[in-house]
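Just need the whole structure built from these sequences, with the hints factored in.
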Amino acid sequence: MPFRPGDEGVTVRFTRNEALVLADLAGELIELLEQRGPDATGDMLYAQLGIGGSSTPPLDPALARLLPDAYRDDESAASDHRRLTEQSLVDRKLANARRVLADLDAPVVVLDEPGIQSWLRTLTDLRLALAARLQIEDDGDTGLGDEDMLMIYDWLGYLQGSLVEVIE
Amino acid sequence: MSQTLESPRVELDEASAPDTPWVTIVWNDPVNLMTYVSWVFRSYFGHSREEADRLMLLVHTEGRAVVASGGREEMERHVEAMHDFGLWATLTREDS
Chain A
1 MPFRPGDEGV
11 TVRFTRNEAL
21 VLADLAGELI
31 ELLEQRGPDA
41 TGDMLYAQLG
51 IGGSSTPPLD
61 PALARLLPDA
71 YRDDESAASD
81 HRRLTEQSLV
91 DRKLANARRV
101 LADLDAPVVV
111 LDEPGIQSWL
121 RTLTDLRLAL
131 AARLQIEDDG
141 DTGLGDEDML
151 MIYDWLGYLQ
161 GSLVEVIE
Chain B
1 MSQTLESPRV
11 ELDEASAPDT
21 PWVTIVWNDP
31 VNLMTYVSWV
41 FRSYFGHSRE
51 EADRLMLLVH
61 TEGRAVVASG
71 GREEMERHVE
81 AMHDFGLWAT
91 LTREDS
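Quick note, the sequences are listed as chains A and B, same order.
Going letter by letter, the first sequence gives residues 1 to 168 in my numbering.
Going letter by letter, the second sequence gives residues 1 to 96 in my numbering.
Among the hints, erroneous ones may be present.
Stated by the list, open to error - To be clear about the criterion: a stretch of chain A counts as covered by chain B if any three or more of its residues have a C-beta under 8 Å from a C-beta of chain B, and this derived list gives those stretches: (1) 12-18; (2) 137-144; (3) 154-162.
Just so you know, the hints here were simulated from the structure itself, not pulled from any lab data.
Note that the Cβ used here is the ideal one computed from N, Cα and C, for glycine as well.
Next up, the structure:
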């Protein structure tokens, strides 16, 4: 099991290659989320309060899955809710991904409670983004043929399963 | 989780009484691990393992499950928290 319980928290040791792959992925996730800045047409006061988000869902399918509508059949309510909450959701996802990226600098990653939360969420966000790229839409789907990407997707699932098991 | 089911028609009834409770719905997706979804239900809603597993399996087999009900603002907070966890959640009126 990659993640193990330890005295100071949950620990995990990655090979150099594994750490590089994870850091690349976290970096890409950060870039993706950073594209979703405050809406240029939004209210400046809202923007300063961190609630000046766009009122329409992202066009990029990966971003759209990371930042879904809160209302399924009420476009106006979904749009209002998104404008008021999306930026803080993006900021929290960014903070989690940056934490993961920073943790990967150490030869052995040691996770305290906030670290565990960041890692669980970022591993999830990475898999959601990859699944959107692979066009995995149903259970058991293997998506659109990129075997390397699919292997990484499965490996991230293995890592996440291991982390969930350790904290249970 | 299991195959995503055809989305049911959910209509908001404008004539609903204003105090009609709202519900938080978690939808099935092919990405999130069953163990993770169950852990989210336990850690966030404080459910027992039995209840969390029941809800997780409902999402898995039925394509969706109501995981909370109450006031609209509270349900909006739950939906936001689910999106933090990467789960696909929405809120709607209970009777819709």
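Test coverage of the stretch 137-144 of chain A by chain B using CB-CB distances below 8 Å; three residues minimum. holds (count 5)
Coverage of the stretch 154-162 of chain A by chain B (three or more Cβ within 8 Å): holds (count 3)
Would you check chain B against the stretch 12-18 of chain A, counting CB to CB pairs closer than 8 Å, and say if three or more residues qualify? violated (count 0)
Checked against the numbered hints above, the structure breaks only hint 1 and satisfies the rest.
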